[in-house]
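Chains A and B are the protein sequences, given in the same order.
First residue of the first sequence? That's 1 in full-length UniProt numbering, and the numbers climb one at a time after it.
First residue of the second sequence? That's 1 in full-length UniProt numbering, and the numbers climb one at a time after it.
Because identical chains cannot be distinguished in the list, a pair is counted as satisfied if it fits within a single copy or across any two copies.
Below, in silico cross-link-like pairs of lysine to any residue (SDA-like), each with a Cα-Cα straight-line distance of 20 Å or less:
| # | residue 1 | residue 2 |
| --- | --- | --- |
| 1 | Lys-521 | Ser-246 |
| 2 | Lys-132 | Lys-525 |
| 3 | Lys-491 | Leu-260 |
| 4 | Lys-309 | Ala-287 |
| 5 | Lys-521 | Ile-244 |
| 6 | Lys-309 | Pro-170 |
| 7 | Lys-525 | Leu-260 |
| 8 | Lys-309 | Ser-358 |
| 9 | Lys-421 | Pro-283 |
These aren't lab readings, by the way, just hints derived from the structure by calculation.
Here is what each chain is made of, one letter per residue.
Number of protein chains: 2
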Amino acid sequence: MLRQSARIASAGIVRQAAFSSSRTASRAVFTRFIHASRTLSMATPKPGPKLTAETYSDIQRSAQFKTLNSDDLEYFQSILAKNEIIHSRDPSDLEGYNEDWMRKYRGQSQLVLRPKSVEHLALIMNYCNEQKLAVVPQGGNTDLVGASVPVFDEIVLSLANLNKIRSFDPVSGILKCDAGVILETADTYLRENGHIFPLDLGAKGSCHVGGVCATNAGGLRLLRYGSLHGSVLGLEVVMPNGEIVSSMDALRKDNTGYDLKQLFIGAEGTLGVITGVSILTQPLPKAQNVAFLAVKDYQAVQDVFVKAKGELAEILSAFEFMDKRSIQLTKRHIEKDTAFPLEEEYPFYVLIETSGSSKTHDDEKLETFLESAMESELVIDGTIAQDKTELQNLWKWREMIPESSQCQGGVYKYDVSLPLKDLYSLVTAVNERLAAKDLVGAESEKPVIAAVGYGHVGDGNLHLNVATRKYSKEIEEVLEPFVYEFVSQKKGSISAEHGLGFQKKKYIGYTRSDAEINMMKDLKKHYDPNGIMNPYKFI
Amino acid sequence: MLRQSARIASAGIVRQAAFSSSRTASRAVFTRFIHASRTLSMATPKPGPKLTAETYSDIQRSAQFKTLNSDDLEYFQSILAKNEIIHSRDPSDLEGYNEDWMRKYRGQSQLVLRPKSVEHLALIMNYCNEQKLAVVPQGGNTDLVGASVPVFDEIVLSLANLNKIRSFDPVSGILKCDAGVILETADTYLRENGHIFPLDLGAKGSCHVGGVCATNAGGLRLLRYGSLHGSVLGLEVVMPNGEIVSSMDALRKDNTGYDLKQLFIGAEGTLGVITGVSILTQPLPKAQNVAFLAVKDYQAVQDVFVKAKGELAEILSAFEFMDKRSIQLTKRHIEKDTAFPLEEEYPFYVLIETSGSSKTHDDEKLETFLESAMESELVIDGTIAQDKTELQNLWKWREMIPESSQCQGGVYKYDVSLPLKDLYSLVTAVNERLAAKDLVGAESEKPVIAAVGYGHVGDGNLHLNVATRKYSKEIEEVLEPFVYEFVSQKKGSISAEHGLGFQKKKYIGYTRSDAEINMMKDLKKHYDPNGIMNPYKFI
Chain A
1 MLRQSARIAS AGIVRQAAFS SSRTASRAVF TRFIHASRTL SMATPKPGPK LTAETYSDIQ
61 RSAQFKTLNS DDLEYFQSIL AKNEIIHSRD PSDLEGYNED WMRKYRGQSQ LVLRPKSVEH
121 LALIMNYCNE QKLAVVPQGG NTDLVGASVP VFDEIVLSLA NLNKIRSFDP VSGILKCDAG
181 VILETADTYL RENGHIFPLD LGAKGSCHVG GVCATNAGGL RLLRYGSLHG SVLGLEVVMP
241 NGEIVSSMDA LRKDNTGYDL KQLFIGAEGT LGVITGVSIL TQPLPKAQNV AFLAVKDYQA
301 VQDVFVKAKG ELAEILSAFE FMDKRSIQLT KRHIEKDTAF PLEEEYPFYV LIETSGSSKT
361 HDDEKLETFL ESAMESELVI DGTIAQDKTE LQNLWKWREM IPESSQCQGG VYKYDVSLPL
421 KDLYSLVTAV NERLAAKDLV GAESEKPVIA AVGYGHVGDG NLHLNVATRK YSKEIEEVLE
481 PFVYEFVSQK KGSISAEHGL GFQKKKYIGY TRSDAEINMM KDLKKHYDPN GIMNPYKFI
Chain B
1 MLRQSARIAS AGIVRQAAFS SSRTASRAVF TRFIHASRTL SMATPKPGPK LTAETYSDIQ
61 RSAQFKTLNS DDLEYFQSIL AKNEIIHSRD PSDLEGYNED WMRKYRGQSQ LVLRPKSVEH
121 LALIMNYCNE QKLAVVPQGG NTDLVGASVP VFDEIVLSLA NLNKIRSFDP VSGILKCDAG
181 VILETADTYL RENGHIFPLD LGAKGSCHVG GVCATNAGGL RLLRYGSLHG SVLGLEVVMP
241 NGEIVSSMDA LRKDNTGYDL KQLFIGAEGT LGVITGVSIL TQPLPKAQNV AFLAVKDYQA
301 VQDVFVKAKG ELAEILSAFE FMDKRSIQLT KRHIEKDTAF PLEEEYPFYV LIETSGSSKT
361 HDDEKLETFL ESAMESELVI DGTIAQDKTE LQNLWKWREM IPESSQCQGG VYKYDVSLPL
421 KDLYSLVTAV NERLAAKDLV GAESEKPVIA AVGYGHVGDG NLHLNVATRK YSKEIEEVLE
481 PFVYEFVSQK KGSISAEHGL GFQKKKYIGY TRSDAEINMM KDLKKHYDPN GIMNPYKFI
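Just chain A, with the same shape it has in the complex (with noise of 0.2 Å):
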């Protein structure tokens, strides 16, 4: 250990061993991997996930919508052209939609929509809202919740067709764009024009800007640049009754009146449908630096992120930790030749970005930050990325974490907000308690594989993922409300950025109080009288 420490200490960088594909291609096998999953549910017998409405048969669907009929889709075949509308009673032809990336919840809609303008959109809200038809509108379909696919037989509505870049104002920083543009499609072309997006995730190569917005999306650089209830500056919404409001030609600073996108930021879809977006984006950084560092205990996480955010400061874009169960188990996942940056194991891991306008400065600043870390024994190995692509893949070991704990059959995820000193415990508590109940192992007959957590130090949010080797009502009963009830009693929230979908809707008083959760659903009926927009969740 010493010998490994000594390296950052005195080297000051250390050389990796050589990686083979980059933080993009990482993001493509993502997207792959979520294809590839569903049309081996088709070819083998390997069964897709159970009808939503059988998991959860005390759910029903609701007599007050209407049934779609052939007056319907005629009406739908009026305004589209053909190759936006899929109708089907054969569940296969809709998966995609039905289904949700987890595998966990299943739908039953028969029928997509995918207009490719604002206004036909329009026209199809007013109808179903008219009608009393069900709608959800579905972005990239990357949710974790729930949320973004039907529970019974919901139309959806889906934003993949409006994806466009509307402008770009490179002095202002101003990127204005259809919902339905892919996050990683915004922010290549930002790049282009030496600015980045204000968010990023690992589902980037698949979710929509739309869809990050409706589900207020925090991600890998909130600590740096900030929620998007600040960095979004306007929305085009289309209500349930079809009215389009726009604030897209609203500037950095406006105090005309109420700031209704705020409404629409985090809603999932419930109040009306973003339709486009006009957001602020940052000034692509000259220099990056990762460092992927061990530390002997959660004290030492809290510690080494205090002294990064007096140190570091101004450059410090992401402070991410991952527990040693996190890294067996992507190490399981990853593609063989993605050598583990360090020789051995450690209790945490810590990943540091620092994104500067000096490369000279930031290395100066991370060197001696590190050295004095090494010095304290606060970090007891680490290595520092050497070029772009080392970069990529020292972050690969963070971002395949979710597709790593997912892979085995499933995985229950839990995204809460703690206080910090109080963020770990909940995943010690959850593995005790499988550990009693005797539910968790290496053993095949085990249902659950492991419960691991990692997540974003910076903004005091924990990912607790439950790998499982199949969904079960016995493991969620393990788990819920349990850890709703252990977050509740921290002061934390049960959602941090996930939101509640339809796996948390019956939660919501777990972190909200009567006098707002009253208020949300007076505002969600005087905006959705018909209660069309995604319902039998959020509210």
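Given the coordinates of chain A, assemble chain B onto it according to the supplied hints.
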């Protein structure tokens, strides 16, 4: 000029002329000025502002509001202590609550309530709502659009006695405090704990933390720390019916339901009364630099900004500009012993502030930036502060402009957002218009002294101040709706950071669409069905 330029280019840093007082002193003077001028208006024949009801005789008191009677007073006396109630029919007793900072608006309230607890404030609101007594929530009363003073006989509900810091967590940086804490008090407390408030503005010594949230204030460092929609984590709000809705426990990330607090940020007290604020503060920068530069035209202001964004990037914390007339006006008003930092006058000035974690790195970045800006003759003169006193004094030349514009008799203030390229064109257009009508000049018979422009280039936010010898309908009619029409044509916003208040209520249509305005009116009606919250204003 070249000689001066060479000062920066060669020596890197130039010593300034001696400055006598600190920035904090400047704020104290600012606060004192307000009080002094008010005392003055009582002691001398100089008349106070005309009653708003007289100046704007087209606005009628709404008959739906009850007039205060002895039963009401008795009720308030039953819940509040004597020193929490100010009641009088003599206007001079309530002058400070009825008159705005610009001395442009004057209300006729006969009752000020200053509760010391949120529960008492809730009882007051509940009573006023039931009795249909109109209410104006008031913080530090430094508002610039007539939002914080009554128009007729509304009760003033002052937050001044709710002034406690509730808690601060140095690890997460989360500050929780009462709404009535003075911004400077909060900032001083935070500095003692290694942090700063993520917003700064000239009225810091008087304005309240709750007030800056209620008006969504922007201020001097929005460029670096973003908008309050991003940094406010939770609010405690008393609704018109007296219900207390709180999200004060929220951590940095919380996606559980609609983000209700956003509704109240910038609502100017028209939906509820903010009584508590939870906000993410920023680490205290270890190094700070301020440069005061001269450039030859507005195009150069833009070019310096783009260059600074690219080269100073993550350490750039403020980028302000001022025109020649702003500085000329300030020279007449500023303390005699405060020497102007440059030897000559120039068409435009730029103030650049950097904040970072390494003095050496920041100095190097700033010097490299300035050397190349001087070499290319983008910057034609300038100076860098050598110590904290000089830094504060350079800031004074920016911060004293509002007071210098107001002190001769009055000021028409316009705070607008415009695309950067068009930002200054409004000032030119207004000066031409005033000259054409023969309203502006150094002679004492001319009603207007000058129309000056300055503001936050980084945010596309211009402050246009029309300094007058007295308020008059004639001037107002030359300026309005001209200014709003101009801004609307350029797709700007008629209020960047000051809000709508009384002044801009009827002009909101220049920035917002009918669909948006209808939605706002609907929200207002929904949450404040009796319309008692800050009436005659906003929407």
